[in-house]
Structure formats: C-alpha cells, structure tokens
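> So the chains spell out like this:
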Amino acid sequence: MIIDAHIHVGSAIYYGLPLPVQDIIALADEAEIEKVIASHFRAIWYDMREGNAELARWTRQFRGRLYGYVGINSAAYGQLAIDEIDRGLNDYGMVGVKVYTSEQFPLYDPQMKEIIAHVADLGVPLLAHTSPQQAELVLREIPNVKLVLAHMGNTFDPGRGAWQWAISVAKKHANVYLETCSSSPTLGFIEAAVEAIGPERVLFGTDMPLFDPHTQMAKVLDADLQMSAKASILGGNAARLFQFED
Amino acid sequence: MEGDSAVIIDFNAYVGKWPYWPNRYMSEQGLLELMDRHGVDLAVVTSTRGIMIDPQEGNDEAASLAGRHPDRISWLCCVNPYDDAAALVEIERCSLQGGAVGLRLVPQHQAWDLNADPYVANVVAAAHRLGLFVLLPLRLIMDWRLPAIQITDIGTFVNKHPDCAFVLSGVNYHDLRLAIDILARNPNTLIETSCLMGRDAVKQLIEHVGSERVLLGLGLPLQSALCGLVKVQRAKIKEEDKRLILGVNAKSLIDQALTRGAKTLPETR
Chain A
1 MIIDAHIHVG SAIYYGLPLP VQDIIALADE AEIEKVIASH FRAIWYDMRE
51 GNAELARWTR QFRGRLYGYV GINSAAYGQL AIDEIDRGLN DYGMVGVKVY
101 TSEQFPLYDP QMKEIIAHVA DLGVPLLAHT SPQQAELVLR EIPNVKLVLA
151 HMGNTFDPGR GAWQWAISVA KKHANVYLET CSSSPTLGFI EAAVEAIGPE
201 RVLFGTDMPL FDPHTQMAKV LDADLQMSAK ASILGGNAAR LFQFED
Chain B
247 MEGDSAVIID FNAYVGKWPY WPNRYMSEQG LLELMDRHGV DLAVVTSTRG
297 IMIDPQEGND EAASLAGRHP DRISWLCCVN PYDDAAALVE IERCSLQGGA
347 VGLRLVPQHQ AWDLNADPYV ANVVAAAHRL GLFVLLPLRL IMDWRLPAIQ
397 ITDIGTFVNK HPDCAFVLSG VNYHDLRLAI DILARNPNTL IETSCLMGRD
447 AVKQLIEHVG SERVLLGLGL PLQSALCGLV KVQRAKIKEE DKRLILGVNA
497 KSLIDQALTR GAKTLPETR
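Quick mapping for you: the protein sequence lines, in order, are chains A and B. Residue numbering for the first sequence follows our numbering, beginning at 1 and increasing consecutively. Residue numbering for the second sequence follows our numbering, beginning at 247 and increasing consecutively.
These aren't lab readings, by the way, just hints derived from the structure by calculation. Every residue, glycine too, gets a C-beta built ideally from N, C-alpha and C. One or more hints might be untrue.
[To be verified] Computed beta-carbon distance windows for the label pairs:
id, chain 1, residue 1, chain 2, residue 2, range
1, B, R391, A, E141, 21 to 31 Å
2, A, D157, B, D359, 39 to 49 Å
3, A, E141, B, N361, 25 to 35 Å
[To be verified] Listed next, the in silico EDC-like pairs over lysine to aspartate or glutamate satisfying Cα-Cα at most 16 Å (straight line):
id, chain 1, residue 1, chain 2, residue 2
4, B, K482, A, D23
5, A, K171, A, D157
6, B, K482, A, E30
7, B, K484, B, E453
8, B, K497, B, D317
9, B, K488, B, E458
[Stated by the list, open to error] Residues from chain B that keep clear of chain A, each with C-beta distances beyond 10 Å, as calculated:
id, residue
10, R270
11, G465
12, S498
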C-alpha cells in the first residue's frame, strides 16, 4: 500500500498550483497511491476554519482515499487554534495536524509551542513545514511530539536543503519522522536517512499539486535500498503512524 | 549509440569531486554505472574542478574522460573571464583540440557578474565563432544551498547576444514562466530539464516553445536519474516529443557543435 503523507488541496495563489480535488485523486490513482493525507491551502495560509471545513467535506467524499491534517494558519490565534485542532480531530476525523512556519513565524514561537504541546498530549502526528534548526529548538522542550519534518527540513534558511541536518535531528529524537518530498532529487539523501535512523521513520510524500507524484516516488524507487525498506517508506511507516492498519 | 529512437542523453552531468557532501557515484566508474543502470547512452559532462577551482585542469579532466569513452561522454568546457585573453585561448584549445561541444559559464561559482563583467562578451563571441553553444545554469543541481543567479540576469544576458546559441540550465518552478519568456524571445535558446520539478513543467515547455528546444537533464551522478527520466517519460505529451527531449535534440546539438568546430580555423593571433 502506497501512502502519500504530504499533499495539499484547495485554492491558493502560488505558481498556478491549484487542482480540483478530484484531479488530485486522479493523479494519485495514476501513481497507484492508495491513500493521501492533505492539508488545505486555505487552512494553513488564510483561514483555518474555512479550510478545514472544506477539507472535511472532501475527506467524507473520498472516504478511505483522502485523509486530513488540521491546518493552522498562525500560532497567534492561540486557544482558537487549539480549539480548531480539537474540532478537526474529533468532529472531522482528521488524522494529524499541519503547521507551516517560516523564519518570521517560527516553530519555536511561544504560542506555537503551546499548540505543539497540546498536539503532543493528544499523541497525533504533527507535520511541520519548518527547518531542522527550529525543530531542534522545539524538541528540547517538547520531546514527546510525533514530529514529521516536511521536505526533510528542506524549507528555509538556515540550512535550506540541508537534509543532513534534518537527519541529525531525527537521529537524536526517536519520535521524529522525515518526509521525502521536495524540489531536490539529490542522489543518496534517502539512503543517508535510512543509514542513520533506519527505514521506519522515513515517510513518502509528494506535495501534490506542486510536484508530480511520479518524480517524487522515483526518488524512493531509485534509492540503493532493499525493497522491504522502500515498501516501508512508501506506505508501511505511514500506515503505522497514522493507524491505517487493520 | 543505437538508432535515434533509443537515444537518452543527460545534458547536465558532472565529473570531478563534489565538495558539498559525499557522493558514492562521483567517479568515472560511478557515472558509467548509473548510465548503464538507467539506459543513458551519453552524458554531457562538465568538470566541477573546472567550475570551482581551475578551468584548465577541469577541462583536461573532462576531455580525458571523453577520450576514454568517446561513445558515452561529451563535454563542456569552463573558463573564467577573469583570465581575459587566456580564456579565449582556452576555449579554442578545448574546442579544436579537446572536442568540447559547448561552454558553461558559472559566474555564481567564480565571483564575477554575468551582465557587468567587462570581458565575458569576448568569451561568448569566441564560443560562437567556434560553433559552441553556451550553457547558462541558474544552479548546478537542484539544491537550494548551492550558489545561484537570477533568471532575470540570464534573460538580460541572452538578450544581449541574440546570435549565440544558449542552453538555460537549472530552472525550477519559480523561474519557469520567465524562462519560457526568454525562450520565446530568443529562438536560438534551448533549455535542459534537470532542475524542473514542478508538476507538468515539461508539458508547459512543450506547449509554449515546442519540443525541439527542450533537452533532458539528469544531473548525473548527483541527482536521481530515475526522477529525471520519469519527468519526461510520464509527461502527458506525445511520444515523438519525448523522443526528441530524451536524446534526439541533444544529439543534433552535439553533432552541430562538433561539425562547426571541425570547420573552424584557429584565430590568428
């Protein structure tokens, strides 16, 4: 079973990106991806309630294929963000939380740390678009959060693209997962991750609709790894983390 | 190489050392192993030594590799405009004696400015006279940490040299619209695909500039060959367009460069 742990749905003004959700599902079909886990662009970049509500409608429409991350557009919404997370997980049946940070709105923002502590208490995965450096700072205070480093930390400076840095964070923290999608098709980066932390904490993602699922999958298939390790990365690990297993 | 239908050419390959992180395939045998594994017939290499440390040493390294594997390796030379007249001598040496098929300009690795350097126009003119195309990379491979230049600077440069044949390299989704604009304005300009990672990027290129001006780039041995291949092989474009992009266009460009180079007499000095 192939599971894509990182896609987006909904409208966004970003490189002509948007695709109707049914077209994204069709892309997943074409690439033989059985389950996709999405955040809504609107939830992470504009209004969490609007975005999450629309995503919830689509996860119902594509039940068993499309799953949701509760998106949060800013840590500054504090308790409202925490309430939205609870609504998304309890009422909408979402399977994790997605935050999109930057140098200006960092993961280590005090209000964001309160949100992350709440997510850690709930025990659900947190997919974070963040840098390895910011992740490291947060993990010192909230070591029990199940943190999925989106793009393997290939996000923003310092160290944009520094997958080696992300690997070192995951090596130190047993509940950190590394997700593989990004612009970088660097040969050897997945092998380096597996060598350092084993295959169990590496997750396949595509970032559809920004990237093509075939090119992102090719990075895993082309890696010098055993087939069993590739199978874990492409789906087995996500099935365990998001409790998709029967 | 087999007949044209089977040709796969990586137009953005490298030889030499890789200073940024270890790469187990960054060697002659490693490159050939990856080419064999993925059915890549020919790699157009540039020496990282020539890009980053010493153009002449690097050019010798690339020429030597091509000499050992003439059916598998073509190469691009590198010069530094800081060398002034010596850069022209080096281009001529690489073209007429070494069999280089193009010139790669890398201001982002050599601390000169593409549009302000006082000597680079002479370098480009020499390449043009020798029948070499000029490859202009935004970045060497798709890693955000590597030195990069702006697509707008490349556009300005290309517009200043309308007669020269350029190949845009290292373009990703941020730069694609402007790259298409450069291609639309400059019919002598082509583009390689090694850093194009946006969904449907190859299809967009075909729709705007046609398949004849798109060259497969893989970034061997630094990038995943499979990733680079599927972006063309799985693109929603005609099979004939794929064939052109995978190798036919590159082979034609290389053949043209070699033919023109063979007909060019050394400049009287």
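> It remains to establish, for every hint, whether it holds in the given structure.
Hint-by-hint comparison with the structure:
Range check, B/R391 to A/E141: Cβ separation about 28 Å, and the 21 to 31 Å hint holds. At roughly 23 Å, the beta-carbon separation of A/D157 and B/D359 lies outside the given 39 to 49 Å, and the hint is violated. The given range of 25 to 35 Å is broken by A/E141 and B/N361, whose C-beta atoms sit roughly 48 Å from each other. For the proposed pair B/K482 and A/D23, the alpha carbon gap of about 14 Å is at most 16 Å, so the pair holds.
Pair hint A/K171 plus A/D157 does not hold up; C-alpha atoms about 21 Å apart against a cutoff of 16 Å. Our distance criterion of 16 Å between C-alpha atoms is met by B/K482 and A/E30, whose separation comes to about 12 Å. For the suggested pair B/K484 and B/E453, the alpha carbons sit about 11 Å apart, so the restraint of at most 16 Å is met. Under the criterion of a C-alpha separation no larger than 16 Å, the hint pairing B/K497 with B/D317 is consistent with the structure, at around 12 Å.
Under the criterion of a C-alpha separation no larger than 16 Å, the hint pairing B/K488 with B/E458 is consistent with the structure, at around 10 Å. At roughly 7 Å from the closest C-beta of chain A, the C-beta of B/R270 falls inside 10 Å, breaking its exclusion from the interface. For B/G465, the condition that its CB be more than 10 Å from all CB atoms of chain A is violated, with the nearest at approximately 7 Å. Chain A leaves B/S498 outside its interface by the beta-carbon criterion, the shortest separation being 26 Å against a cut-off of 10 Å.
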